[in-house]
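Assemble the whole structure, with the sequences as input and the hints as a guide.
Number of protein chains: 2
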Amino acid sequence: MENLLKQIKFIQEIDRLKLILRRSLICGGERRENSAEHSWHLAVMAITLAEHANEEVDVLRVVKMVLIHDIVEIDAGDTFVYDTKGYEDKEEREQKAADRLFGILPDEQTKEFMALWHEFEARDTADAKFANALDRTIPLLHNYMAEGGSWKTHNVNRAMVDGLSGMIVDGSKTIAKAVEELIDDAVAKGYLAE
Amino acid sequence: MENLLKQIKFIQEIDRLKLILRRSLICGGERRENSAEHSWHLAVMAITLAEHANEEVDVLRVVKMVLIHDIVEIDAGDTFVYDTKGYEDKEEREQKAADRLFGILPDEQTKEFMALWHEFEARDTADAKFANALDRTIPLLHNYMAEGGSWKTHNVNRAMVDGLSGMIVDGSKTIAKAVEELIDDAVAKGYLAE
Numbered sequence: 282m283e284n285l286l287k288q289i290k291f292i293q294e295i296d297r298l299k300l301i302l303r304r305s306l307i308c309g310g311e312r313r314e315n316s317a318e319h320s321w322h323l324a325v326m327a328i329t330l331a332e333h334a335n336e337e338v339d340v341l342r343v344v345k346m347v348l349i350h351d352i353v354e355i356d357a358g359d360t361f362v363y364d365t366k367g368y369e370d371k372e373e374r375e376q377k378a379a380d381r382l383f384g385i386l387p388d389e390q391t392k393e394f395m396a397l398w399h400e401f402e403a404r405d406t407a408d409a410k411f412a413n414a415l416d417r418t419i420p421l422l423h424n425y426m427a428e429g430g431s432w433k434t435h436n437v438n439r440a441m442v443d444g445l446s447g448m449i450v451d452g453s454k455t456i457a458k459a460v461e462e463l464i465d466d467a468v469a470k471g472y473l474a475e
Numbered sequence: 282m283e284n285l286l287k288q289i290k291f292i293q294e295i296d297r298l299k300l301i302l303r304r305s306l307i308c309g310g311e312r313r314e315n316s317a318e319h320s321w322h323l324a325v326m327a328i329t330l331a332e333h334a335n336e337e338v339d340v341l342r343v344v345k346m347v348l349i350h351d352i353v354e355i356d357a358g359d360t361f362v363y364d365t366k367g368y369e370d371k372e373e374r375e376q377k378a379a380d381r382l383f384g385i386l387p388d389e390q391t392k393e394f395m396a397l398w399h400e401f402e403a404r405d406t407a408d409a410k411f412a413n414a415l416d417r418t419i420p421l422l423h424n425y426m427a428e429g430g431s432w433k434t435h436n437v438n439r440a441m442v443d444g445l446s447g448m449i450v451d452g453s454k455t456i457a458k459a460v461e462e463l464i465d466d467a468v469a470k471g472y473l474a475e
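In order, the protein sequence lines correspond to chains E and Y. Just so you know, we're using this note's numbering here: the first sequence kicks off at 282 and counts up by one. Just so you know, we're using this note's numbering here: the second sequence kicks off at 282 and counts up by one.
Hints are computed from structural coordinates only; laboratory data are not their basis. Predicted model only: the values in this text are computed from it and were never measured. Treat the hints with care, as some may be off.
Identical chains share a label here; the pair holds if one copy fits it or two copies do between them.
Claimed, not checked - Below, a list of computed lysine-lysine pairs in the DSS-like style, where the Cα atoms sit at most 27 angstroms apart:
| hint | residue 1 | residue 2 |
| --- | --- | --- |
| 1 | 454 | 366 |
| 2 | 458 | 287 |
| 3 | 458 | 290 |
| 4 | 458 | 433 |
| 5 | 287 | 470 |
Have a look at this one:
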């Protein structure tokens, strides 16, 4: 019961991830997306797209990673992927957040979740590479559906998008190829600046 | 590539789950919760609380079930758990929705997701019983945190809550015990009517 009470406290605490807003817009522009629903979307991608990973992945581990990868934002906030200034102290802010938030759990789970989060951030393993590929793919699908979305509002151009797509190739060459075609089409349609 | 294009279409289509509003309030009452962020919360519960299941569960299967269990609401809408009228044609509406939505996927995945969703709804297996227990537990945690929340706005009393908690016992006696104490406390504090 002692474990359970800690776990329930964690479950209640992470409710706040639903208040963390990302730059992406949902459903063709209706409103900004929050990090909790974003994490759900990635988890569904993981169970749907696992066959396309470059190397065989442990689907449960990938799902766990994407479910918890943004929890640190509850304390550290979301850092926009093109915000170079925000990236300066991102690591320190997020480690502190991870210590507090994962620290609510029983010791063994604190260690497990911390390790999964570090693995996701380090992008060295097949599971983490695939999880990161999904995380980089979904905003492109969103912006395409929103006919530009946060690309337009934040003056993002094709070179900036291409600069991040290396992470997709690392996780899945097949997905990267499909995304490249989508980007070509987005430029042709005027959703994304050349 | 043919599989991938179908899967990407599915990933884009399910974005609309973020627009389906539930009766539960997030973060102590800030706003209503949507079904996508709810599904994320359940998936994190599954990976965190699996040790408390009555029987040993396959965590990946439980996670898959909770990730997709509400996708039918995109077409069929959310049916409030105390809405007896809405439950009359719920099954028919949801099956039609499942046919269309899971039908976007490649055949093998259509079958897999459909079977998982039926299994969740039927509550006959250990995995489904545990998944349903989580789904019944989280609104109680939310309403407690919101000092009444949708219990108050929808005139729910203790007998109504107790009437649904059998599903929690079926999946996890340990969680059911913790929830019972929470309910006692909610009544004592005036969050829930006697």
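Results for each hint:
1. 454 with 366: neither (30 angstroms within a copy, 49 angstroms between copies)
2. 458 with 287: This pair counts as between: shortest inter-copy Cα distance 15 angstroms, intra-copy 44 angstroms.
3. 458 with 290: Cα proximity of residue 458 and residue 290: across copies only (16 angstroms, versus 42 angstroms in one copy).
4. 458 with 433: within (23 angstroms within a copy, 51 angstroms between copies)
5. 287 with 470: Between. Shortest inter-copy distance 22 angstroms satisfies the 27 angstroms Cα cut-off; intra-copy 51 angstroms does not.
Consistency note: the structure conflicts with earlier hint 1 alone.
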